[in-house]
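Novice: Residue numbers (numbering that gives the first Met the number 0), protein chains in the order written: chain L, 0 to 322; chain X, 0 to 329.
In case anyone wonders, no lab produced these hints; they're calculated from the structure.
The beta-carbon is built from N, C-alpha and C at its ideal position, and this holds for glycine as well.
Each hint should be verified, as a subset may be incorrect.
Simulated restraints, written as ranges between beta carbons of each label pair [to be verified]: (1) X/Asp317 with L/Pro299: 48 to 56 Å; (2) L/Asp48 with X/Arg277: 34 to 42 Å; (3) L/Asn52 with X/Ser183: 32 to 40 Å.
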Amino acid sequence: MAKKRLIQAINDALTEEMERDERVILFGEDVEISMFGDTVGLLDRFGPDRVRNTPICEATLSGMAVGAAAAGYRVILHMMFSNFIYTGFDAIANQMAKIRLMTGGQIMLPVTVIAGYGGGRSTAAQHSDTPYPALMNLGGINVAVPSTPADAAGLLKTAIRGNNPTFYLEAGGRGGQRGEVPDGDHLMPLGQAAIRRSGGDVTLVSVGAMMRPTLRAARALAADGIEAEVIDCRTLVPLDTETIKASVARTGRLVVVDEARDRCSAASHIAAVIAEESFHDLRAPVRRVTVPNIAMPYAPNVEKPLLPNPERIAEAAATLVQA
Amino acid sequence: MTPTSAPSTEEFLDLLRTMLLIRRVEERLRDDFHAGKLPGGVHLYIGQEAVAAGVCAHLNDDDWIASTHRGHGHFLAKGGDPKAMIAEIHGKETGICRGMGGSMHVADFSRGIIGANGIVGGGVGITVGAALAAQLENKGQVAVCFFGDGAANQGVFMEAMNVGALWKLPLVLICEHNGFSEFSPSDTVTAGDIADRPEAFDIPSTSVDGNDAIAVWEAASAAVDHARRGNGPSFVLATTYRTHGHNEGEVYWLSGTYRDNSEIEDWNRRDPIERLTRTLVERDICTLDEVGAMDREILDTVEDACAFAEASAVPSPDAVQDLMFFNQAP
Ligand SMILES: Cc1ncc(C[n+]2csc(CCOP(=O)(O)OP(=O)(O)O)c2C)c(N)n1
Numbered sequence: 000m001a002k003k004r005l006i007q008a009i010n011d012a013l014t015e016e017m018e019r020d021e022r023v024i025l026f027g028e029d030v031e032i033s034m035f036g037d038t039v040g041l042l043d044r045f046g047p048d049r050v051r052n053t054p055i056c057e058a059t060l061s062g063m064a065v066g067a068a069a070a071g072y073r074v075i076l077h078m079m080f081s082n083f084i085y086t087g088f089d090a091i092a093n094q095m096a097k098i099r100l101m102t103g104g105q106i107m108l109p110v111t112v113i114a115g116y117g118g119g120r121s122t123a124a125q126h127s128d129t130p131y132p133a134l135m136n137l138g139g140i141n142v143a144v145p146s147t148p149a150d151a152a153g154l155l156k157t158a159i160r161g162n163n164p165t166f167y168l169e170a171g172g173r174g175g176q177r178g179e180v181p182d183g184d185h186l187m188p189l190g191q192a193a194i195r196r197s198g199g200d201v202t203l204v205s206v207g208a209m210m211r212p213t214l215r216a217a218r219a220l221a222a223d224g225i226e227a228e229v230i231d232c233r234t235l236v237p238l239d240t241e242t243i244k245a246s247v248a249r250t251g252r253l254v255v256v257d258e259a260r261d262r263c264s265a266a267s268h269i270a271a272v273i274a275e276e277s278f279h280d281l282r283a284p285v286r287r288v289t290v291p292n293i294a295m296p297y298a299p300n301v302e303k304p305l306l307p308n309p310e311r312i313a314e315a316a317a318t319l320v321q322a
Numbered sequence: 000m001t002p003t004s005a006p007s008t009e010e011f012l013d014l015l016r017t018m019l020l021i022r023r024v025e026e027r028l029r030d031d032f033h034a035g036k037l038p039g040g041v042h043l044y045i046g047q048e049a050v051a052a053g054v055c056a057h058l059n060d061d062d063w064i065a066s067t068h069r070g071h072g073h074f075l076a077k078g079g080d081p082k083a084m085i086a087e088i089h090g091k092e093t094g095i096c097r098g099m100g101g102s103m104h105v106a107d108f109s110r111g112i113i114g115a116n117g118i119v120g121g122g123v124g125i126t127v128g129a130a131l132a133a134q135l136e137n138k139g140q141v142a143v144c145f146f147g148d149g150a151a152n153q154g155v156f157m158e159a160m161n162v163g164a165l166w167k168l169p170l171v172l173i174c175e176h177n178g179f180s181e182f183s184p185s186d187t188v189t190a191g192d193i194a195d196r197p198e199a200f201d202i203p204s205t206s207v208d209g210n211d212a213i214a215v216w217e218a219a220s221a222a223v224d225h226a227r228r229g230n231g232p233s234f235v236l237a238t239t240y241r242t243h244g245h246n247e248g249e250v251y252w253l254s255g256t257y258r259d260n261s262e263i264e265d266w267n268r269r270d271p272i273e274r275l276t277r278t279l280v281e282r283d284i285c286t287l288d289e290v291g292a293m294d295r296e297i298l299d300t301v302e303d304a305c306a307f308a309e310a311s312a313v314p315s316p317d318a319v320q321d322l323m324f325f326n327q328a329p
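Sequences are here, hints too, so could you generate the full structure?
Specialist: Written as structure tokens, this is what we have:
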């Protein structure tokens with residue numbers, strides 16, 4: 000075990016995977032200097048054939064990821080801010096997510112797309128989106144939302160070695176968070192949620208960076224005598240519904256915490272699955288703690304309260320337990 | 000750029016054979032479509048065969064091509080199997096894409112055919128990626144993108160020229176200017192000469208008569224050679240004409256007309272296959288009888304392929320479960 004900052008865990012995982020397999024290539028805008036620090040040093044280590052700054056042309060970059068992967072490379076495409084996924088969305092939605100099916104399974108697409116997501120830092124509406132709901136709906140795309148340095152390393156390595164397109168979303172501004180990363184080749188399979196805290200009164204499911212405020216809410220609830228179980232999704236596609244269902248079978252109550260906008264959020268999906276498949280285990284309605292259907296505003300005093308926080312999460316849980 | 004050589008006798012005959020194969024396959028698809036035998040629509044390439052044939056004549060199995068919604072010709076010219084393509088268009092499990100793609104997605108990666116594409120301009124970025132892979136492989140492979148004059152108005156075209164020129168990718172851009180962007184005459188939607196655009200990126204640009212198979216062959220020979228030698232992208236504008244509808248079904252649902260029949264007749268007189276045949280006979284490369292024999296052989300191939308397609312089973316509805324992801328439930 001070594002304690003690492005999250006961004007360092009990502010950088011180490013990228014380095015190790017590029018070291019391990021010379022067919023791994025990485026490109027994107029300013030990956031040489033690295034906006035977030037995740038790709039720092041990779042150019043020096045692996046050279047310009049494998050690590051490249053690109054022009055600003057997301058529509059082409061997402062297409063290139065498909066083409067280079069189809070031609071036999073393992074591609075890591077860095078899209079910088081996840082809002083730029085929209086600029087490159089055509090080839091993501093129309094090619095990457097579909098070309099395997101359309102061609103009768105002729106190819107695998109080992110593509111990892113990295114992008115920073117989420118608000119809370121006054122980056123304003125075009126640099127703070129949480130776009131996984133749109134990605135989840137495409138079908139042929141995996142979505143990883145790591146919340147700890149260990150998962151950041153393990154999920155990234157799995158994505159790079161995998162043979163399906165995976166969006167690996169880094170919570171913006173959380174790169175400094177520290178945590179233990181297991182030594183050696185640490186891989187975390189997609190589709191395995193983590194139980195971060197056990198409790199029998201209510202299940203709190205968190206998506207990505209919502210893990211910390213959710214844990215804080217659980218501690219506050221415990222002070223009031225309510226024991227919350229906290230489940231971190233780790234990946235949204237595939238989604239570990241079994242772990243969530245098993246927890247709901249014990250607690251009978253569910254709150255889903257998601258920093259996507261409310262409508263068609265990941266939380267909406269999880270709530271729907273539980274309503275369909277665990278209805279008889281529920282003792283109270285499912286609650287979602289999300290962001291209102293509003294573009295992220297700049298002014299901190301307006302932006303901050305839109306995001307789920309421990310108080311809102313604890314309040315939602317407490318109402319269910321008291322109901 | 001100057002062509003590396005003129006076609007040899009064998010190359011002349013291959014060119015004609017490829018064009019005839021495309022024509023006969025598509026005439027049959029036309030008939031089968033109107034007879035209600037095809038589950039989906041088709042965008043026919045009739046009249047444009049010289050472009051696919053003239054370009055793909057210079058490509059090997061490990062070179063890449065990406066194509067368009069009008070992609071049957073490119074698939075066949077690059078060596079794709081007519082049986083597997085026709086079965087695909089019939090939606091059969093023996094189709095090249097197991098019946099999952101249909102006309103607009105015929106692809107065969109084992110022959111470097113990244114495939115047709117339902118998104119106008121969709122092949123452009125993908126070809127740049129394949130060209131990057133080819134450059135990294137360093138074995139002299141090239142990546143060729145076929146696209147229409149309509150697609151040239153998509154922003155990715157500019158992006159691709161910029162990346163391609165910047166990184167000197169082995170990328171060949173073939174724009175087939177067939178007069179229409181769907182139902183809009185090209186000059187109503189396109190400003191200037193598309194062939195001027197590559198020059199802004201220092202990409203060599205050549206304009207050819209796309210109904211002259213030999214001219215296309217020569218221009219493509221120079222462009223492909225340029226890419227193979229590591230000199231970067233090049234661009235060819237082939238002016239041709241789509242003699243059939245944008246979509247073969249349009250006659251049933253389009254409320255108006257968008258061109259005069261006289262224009263179609265005009266271009267039929269410039270038919271690329273008749274033109275090449277005339278040249279080959281004039282140059283004593285073959286006789287009309289020999290062309291007739293070649294044609295009969297091709298018609299037999301088409302007949303067999305269609306019989307195969309019709310006799311094939313439809314795919315199992317469960318097949319899709321394995322196709323969204325590799326080794327993972329959808
Ligand atoms: C992104 C996108 N926009 C629009 C369409 C609808 N559409 C299909 S073909 C076509 C015209 C394409 O013209 P061109 O590129 O010149 O090719 P051609 O049909 O002439 O071969 C259009 C608008 C589409 N398939 N994809």
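Novice: Hint by hint, note whether the structure agrees.
Specialist: Evaluation of the provided hints:
The hinted range of 48 to 56 Å is satisfied by X/Asp317 and L/Pro299, whose Cβ atoms lie roughly 52 Å apart. Between L/Asp48 and X/Arg277 the Cβ separation comes to about 49 Å, which falls outside the hinted range of 34 to 42 Å. Between L/Asn52 and X/Ser183, the C-beta spacing of about 38 Å keeps the proposed range 32 to 40 Å intact.
When held up to the earlier numbered hints, the structure conflicts with hint 2 and nothing else.
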